[in-house]
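Asker: Using the sequences plus the hints, can you model the full thing?
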Amino acid sequence: MVLSAHDKSNVKSVFGKIGGQAEEFGAETLERMFAAYPQTKTYFPHFDLGKGSAQVKGHGKKVAAALVEAANHIDDIAGALSKLSDLHAQKLRVDPVNFKLLGQCFLVVVASHHPALLTPDVHASLDKFLCAVGTVLTAKYR
Amino acid sequence: MVHWSAEEKQLIASVWGKVNVEECGAEALARLLIVYPWTQRFFDNFGNLSSPTAIIGNPKVRAHGKKVLTSFGDAIKNLDNIKGTYSKLSELHCDKLHVDPENFRLLGDILVIVLASHFGRDFTPACQFAWQKLVSVVAHALARKYH
Numbered sequence: 020m021v022l023s024a025h026d027k028s029n030v031k032s033v034f035g036k037i038g039g040q041a042e043e044f045g046a047e048t049l050e051r052m053f054a055a056y057p058q059t060k061t062y063f064p065h066f067d068l069g070k071g072s073a074q075v076k077g078h079g080k081k082v083a084a085a086l087v088e089a090a091n092h093i094d095d096i097a098g099a100l101s102k103l104s105d106l107h108a109q110k111l112r113v114d115p116v117n118f119k120l121l122g123q124c125f126l127v128v129v130a131s132h133h134p135a136l137l138t139p140d141v142h143a144s145l146d147k148f149l150c151a152v153g154t155v156l157t158a159k160y161r
Numbered sequence: 003m004v005h006w007s008a009e010e011k012q013l014i015a016s017v018w019g020k021v022n023v024e025e026c027g028a029e030a031l032a033r034l035l036i037v038y039p040w041t042q043r044f045f046d047n048f049g050n051l052s053s054p055t056a057i058i059g060n061p062k063v064r065a066h067g068k069k070v071l072t073s074f075g076d077a078i079k080n081l082d083n084i085k086g087t088y089s090k091l092s093e094l095h096c097d098k099l100h101v102d103p104e105n106f107r108l109l110g111d112i113l114v115i116v117l118a119s120h121f122g123r124d125f126t127p128a129c130q131f132a133w134q135k136l137v138s139v140v141a142h143a144l145a146r147k148y149h
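Protein chains in written order, with this note's numbering: chain A, 20 to 161; chain B, 3 to 149.
Take these hints with a grain of salt, some might be off.
Here are the simulated BS3-like pairs of lysine-lysine, each with C-alpha atoms no more than 27 Å apart in a straight line [what the hints assert, rightly or not]:
1) K70(A) <-> K11(B)
2) K135(B) <-> K76(A)
3) K135(B) <-> K119(A)
4) K147(A) <-> K135(B)
5) K135(B) <-> K70(A)
6) K135(B) <-> K147(B)
7) K135(B) <-> K60(A)
Here are a few chain B residues that face chain A, going by a calculated C-beta distance under 8 Å [to be verified]:
8) F48
9) A118
10) F125
These stretches of chain B come out as covered by chain A in the derived footprint (C-beta under 8 Å, 3 or more residues) [as the list claims (entries may be wrong)]:
11) 31-37
12) 103-117
13) 129-137
Hints listed in this document are in silico derivations from the structure and should not be mistaken for laboratory results.
Think of the CB as a built atom: it goes at the ideal place given N, C-alpha and C, for glycine as much as any other residue.
Answerer: Structure below.
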């Protein structure tokens, strides 16, 4: 699966419009993921996952920052996320299925906050982008 | 049998009560065909699917989307027996339509996104949980009679 020039432009445009809300979106993505897919909580036994958790907010910021970084270096996502890819392979070892769940929740967040932004065409590009990020993060798993 | 809490039933019903089945159904199916273009393989006789604009405006897509989401309504009316409700449809999708059940999961996820875009903040995390559960149960029921 390859990101076309059109996909890249759509993704950059989404993140451009989201702007400063990215951190908040990251936190809400995690909140939704833990709510909709409780099995994802198994990766965070050390976290307070209650409503408004500072830890979830903090982690949401990190997740958002990584997505923004990938969008800003969309011609070389593997390069931009190389260290994160190592981290996930060696230390975190989050099962690959969970990246789809995170992606689904991120799309839900964007859809609920900016419905006009997530046209079907943009939805397709963003979904591809999120898949690409997941692929990069699991690329060194074995 | 799937267990639904009172809260889950309420969240499902309250969203469903406000859904325009024709619009949402059309939009969900169109997005499926746009976001996951390989799903177009089942719709060779639908005419022009050559671009997002063509897909969105395609009357066969709209009609079929409405049909599919109307069928969802049957599940919602029979939350305690979704398996039974979809038994014949499951056989149909296997024996006649030859649809890979993965497609039911893809459509379910897209439906959740469409609902989120329509309901905004009202589509709370708890709401999303109930609906992700529902689409998952529906997908499972539709796959159940496959052989």
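Asker: How does the coverage statement for the stretch 129-137 of chain B fare against chain A, requiring three or more residues with Cβ below 8 Å from a Cβ of that chain?
Answerer: holds (count 3)
Asker: Are three or more residues of the stretch 103-117 of chain B within 8 Å, CB to CB, of chain A?
Answerer: holds (count 4)
Asker: Does A118(B) pass the interface check with chain A, least Cβ-Cβ distance below 8 Å?
Answerer: holds, 4 Å
Asker: So is the stretch 31-37 of chain B in contact with chain A by the C-beta rule, three or more residues under 8 Å, or is the coverage claim wrong?
Answerer: holds (count 4)
Asker: Taken at face value, is the distance from the CA of K119(A) to the CA of K135(B) at most 27 Å?
Answerer: Holds, at about 16 Å.
Asker: Quick one, is the F125(B) hint okay against chain A at 8 Å, beta carbons?
Answerer: holds, 5 Å
Asker: Keeping to a limit of 27 Å between CA atoms, is the pair of K135(B) and K60(A) held or broken?
Answerer: Roughly 17 Å between the alpha carbons, so the hint for K135(B) and K60(A) holds.
Asker: Given the hint that K135(B) pairs with K147(B), does the C-alpha gap stay at or below 27 Å?
Answerer: holds, 20 Å
Asker: Mind checking the alpha carbons of K135(B) and K76(A) for me, to see if they're no more than 27 Å apart?
Answerer: With Cα atoms ~25 Å apart, K135(B) and K76(A) stay inside 27 Å; holds.
Asker: Going straight from one Cα to the other, do K70(A) and K11(B) come out at no more than 27 Å?
Answerer: Holds: K70(A) and K11(B) sit about 22 Å apart, inside 27 Å.
Asker: Under the criterion of a CB-CB separation shorter than 8 Å, is F48(B) in contact with chain A as hinted?
Answerer: violated, 16 Å
Asker: Holds or violated: K147(A) and K135(B), Cα atoms, limit 27 Å.
Answerer: holds, 24 Å
Hint compliance for this structure: hint 8 is the single one not met.
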